[in-house]
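Engineer: Relying on the hints, combine the two individually framed chains into one complex.
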Amino acid sequence: MADLGKEVKLVGSTNSLFTCRPRVALNLKGVDYDFLQEKWWQKSDLLLESNPVYKKMPVLIHNNKPVCESMIIVEYIDETWTSKGPSILPSDPYDRAMSRFWTAYSDDKFPSLLRVLMGPIPGDIPEAREQFVASLQLLEAALKKCSKGKIFFGGDNIGYLDIALGSHFGWIEATEKLAGIRLLEKETVPRLVEWSEHYFAHPAVKDIMPTTEELVAFVTEVKSTLSAPAK
Amino acid sequence: MVASAAVRLFGMWASPAVRRVEWALKLKGIEYEYIEEDLSNKSSSLLEFNPINKQVPVLVHNCNPIVESLVILEYIDETWKENPILPVDPLERAKARFWATFVDVKCREESRKAFFMEGEEKEKAIENLQVQLKALDEELEGKKFFSGDHIGYTDLAVGWMAFWLGVAEEAAGFKANYDVKFPNFSRWMKDFLAEPVIKDNLPPREKTVEFFRAFKQLGSCTKVNQK
Numbered sequence: 001m002a003d004l005g006k007e008v009k010l011v012g013s014t015n016s017l018f019t020c021r022p023r024v025a026l027n028l029k030g031v032d033y034d035f036l037q038e039k040w041w042q043k044s045d046l047l048l049e050s051n052p053v054y055k056k057m058p059v060l061i062h063n064n065k066p067v068c069e070s071m072i073i074v075e076y077i078d079e080t081w082t083s084k085g086p087s088i089l090p091s092d093p094y095d096r097a098m099s100r101f102w103t104a105y106s107d108d109k110f111p112s113l114l115r116v117l118m119g120p121i122p123g124d125i126p127e128a129r130e131q132f133v134a135s136l137q138l139l140e141a142a143l144k145k146c147s148k149g150k151i152f153f154g155g156d157n158i159g160y161l162d163i164a165l166g167s168h169f170g171w172i173e174a175t176e177k178l179a180g181i182r183l184l185e186k187e188t189v190p191r192l193v194e195w196s197e198h199y200f201a202h203p204a205v206k207d208i209m210p211t212t213e214e215l216v217a218f219v220t221e222v223k224s225t226l227s228a229p230a231k
Numbered sequence: 001m002v003a004s005a006a007v008r009l010f011g012m013w014a015s016p017a018v019r020r021v022e023w024a025l026k027l028k029g030i031e032y033e034y035i036e037e038d039l040s041n042k043s044s045s046l047l048e049f050n051p052i053n054k055q056v057p058v059l060v061h062n063c064n065p066i067v068e069s070l071v072i073l074e075y076i077d078e079t080w081k082e083n084p085i086l087p088v089d090p091l092e093r094a095k096a097r098f099w100a101t102f103v104d105v106k107c108r109e110e111s112r113k114a115f116f117m118e119g120e121e122k123e124k125a126i127e128n129l130q131v132q133l134k135a136l137d138e139e140l141e142g143k144k145f146f147s148g149d150h151i152g153y154t155d156l157a158v159g160w161m162a163f164w165l166g167v168a169e170e171a172a173g174f175k176a177n178y179d180v181k182f183p184n185f186s187r188w189m190k191d192f193l194a195e196p197v198i199k200d201n202l203p204p205r206e207k208t209v210e211f212f213r214a215f216k217q218l219g220s221c222t223k224v225n226q227k
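Read top to bottom, the protein sequences are chains A and B.
Residues 1 to 231 (UniProt numbering) make up the first sequence, in order.
Residues 1 to 227 (UniProt numbering) make up the second sequence, in order.
Derived by calculation from the structure, the hints in this document are not laboratory data.
Honestly, I wouldn't trust all of these hints.
In silico DSSO-like pairs for lysine-lysine, Cα to Cα no more than 30 Å straight-line [what the hints assert, rightly or not]: (1) Lys56(A) x Lys144(B); (2) Lys65(A) x Lys144(B); (3) Lys206(A) x Lys177(A).
In isolation and in its complexed conformation, chain B is listed as follows (with noise of 0.2 Å):
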């Protein structure tokens, strides 16, 4: 284990993006102090190190902050040299932003259009996200792991789909049919989630489920407090 008493680690128990950085975290084998923030009413610790967007999660260490997730887990990376997650290769590293980036910014849009929207709008963002899912599919032909034989960085950007795209079609009720259409990533779900690292950190189902279940019920459209 890595003893680093500096580490703190600002976030939210449903929220994927904060999972995401304590998943690296966990792999790497850093000790960190967790903090639980009420997003209906932030702390000051929160606003004083997030004035800019204000949403979790936040990494603090050594008393810098560092925001937005992929930053983070580059920092992570960059800063705690075991256990490696992304690639030393340029070309393949170029490869694990492309897809991270791809899923946070494009599979996200369409995901959120799909858990907010309603009929013809609803129907267009799920054919958007299975387009979306055949690219991921085809890029997982012939590996366990978006990373190779291990989890590694694009697994951990794609890793929210593994499980709170379920959570999403059962709170909004859509299916996005990759167990039938997708075999590659419906395959990858499942091993994702089997990781010791991943499975012993992930937050419980149901009351995942009734969070955005409610959230959805809000009716607003606005982004979701994280990134």
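This is chain A alone, in the form it adopts within the complex (with noise of 0.2 Å):
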């Protein structure tokens, strides 16, 4: 039977926040697809059989081939759709390394980081804020170096790094009410602020990242989901 459905499908969560990286890219380039929206407790048959190594989301699936691991699917995007919307990656090497360097840096540091402040897993809260509220310094100087005076890592478009740090981004606020403590300071990191503001009230953005609101209650549902005795 021929498949009826969009060419790009888009296997994720609305939860989760590394889903939300490819639906940015998809935005950014006007690409049309369908949402295949993952239960967190229950895997899919389609997430197992399009990515058997990992088992996570996202996955893109083109053209019924599937695309695994959130920043490898924002190139693809970048690389598939040349002809629409600005580029993702910056042109020049150089840049393009920066891009990718902090996008690794970002992804090795904040999510544990992140983890341990939220407190599913034990660790130590004031350490793990001090290297966060650390990293975010390296970060801002990052970003001015990066932006050459433009608001995005990008430059005046939202580009590869603003997507890949986006995704960590949007768990600060859910991170700081869950434990009740500050780590986005505009006195200490007044670009990454500014910066944060108008990422998240991008168009290609606000309407696909999940609210503060939705990531504590995600948060709390798992916790407790996952503490419950075993019957």
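Structural biologist: As structure tokens, then:
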């Protein structure tokens, strides 16, 4: 039977900030797609078949071929729909290397620090906060350099590093609420605060980002489900 | 040969991540100055060029530092267009990047655990590593190299396993049994190490085993100073 759906499908979840990454990229390029919502407690057969190695979302399925790993998907989108929308990665090889480096840095640092701060896994909150704030300072300097005086890391337009960081920064307010601490402060990282306001207000981003309330509710639900006594 | 006196590479002789960059530079015929670092006493240049991770490899091109070996590989491919190491097709490029990060994040994690830990944790790590090797073995079905008939980005990324996995096994006393269980992967290891650019650019095996044996005896589970 012919697949009558759109040629682009995205397997993911509205609560997953990694899923937001390819969604922003597809929005920037004006590419239409079917969004296939996953339940966090039960992986679909489609997810397991299309990502047998990691069994994780997001997965982009384009012409029935899967592409896995959020930033690899973003780069695939940029390289496939070249005539649609501005380039997501910069054109200069050194600028591209900086985008990739800071993305790898953020993906290495932020998820584990945020998890400690939110409390699902045990850890030292003051130390995690100190490390998190130190990382923000480095990114503040990187933003000054990469943006070349503009708002986004990508300059006038949202780029690869903006998309990568957006998914970590999307968690900041929820984490601040859950942990009762401040993380992103205008006094210490003014450029990043301004960047954050512009990023989350961008048309390609604002309608697909979960709200702080949704994320807090999601974390609370996951924590209580996982800590519930086995029946 | 592409003359490029403006290219410097900070490295350490036993580091697989550094060799990965050297293989790429040599495949493209790029001339470079190599600077050997003593990681127990890092040079001021290394700290200046990589203040964030303070790790090797660092490629410096026209005074601009680039760090993280896979980032460096993409930079090399985009800057010097001869002998491309990444494919042209976006889907093939995505697959190449997928396997590179799989090996760098997942396989390296389990190899490190198998290397440093003992008892049940070691056995579990070896088991996980074998599941990963099976995936790599299946990916190689019908192909000489991950990148096809010639070595490319994915082979350079996975390449550390062809040499350093055996070194780790000997230094730490474990066997992942790929020669028995994963024939495609085992065959790829031999073919990869036989490639002229690779075999002429490996550290001496015995010295490397001794190095890692001593490293294990330090008893630390912290990350090696290289990425």
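Engineer: Are Lys56(A) and Lys144(B) close enough, with their CA atoms no more than 30 Å apart?
Structural biologist: 29 Å, holds
Engineer: Could you grab the alpha-carbon distance between Lys65(A) and Lys144(B) and see if it respects the 30 Å cut-off?
Structural biologist: 23 Å, holds
Engineer: Need the status of pair Lys206(A), Lys177(A): alpha-carbon distance at most 30 Å?
Structural biologist: 20 Å, holds
Of the numbered hints listed earlier, not one is contradicted by the structure.
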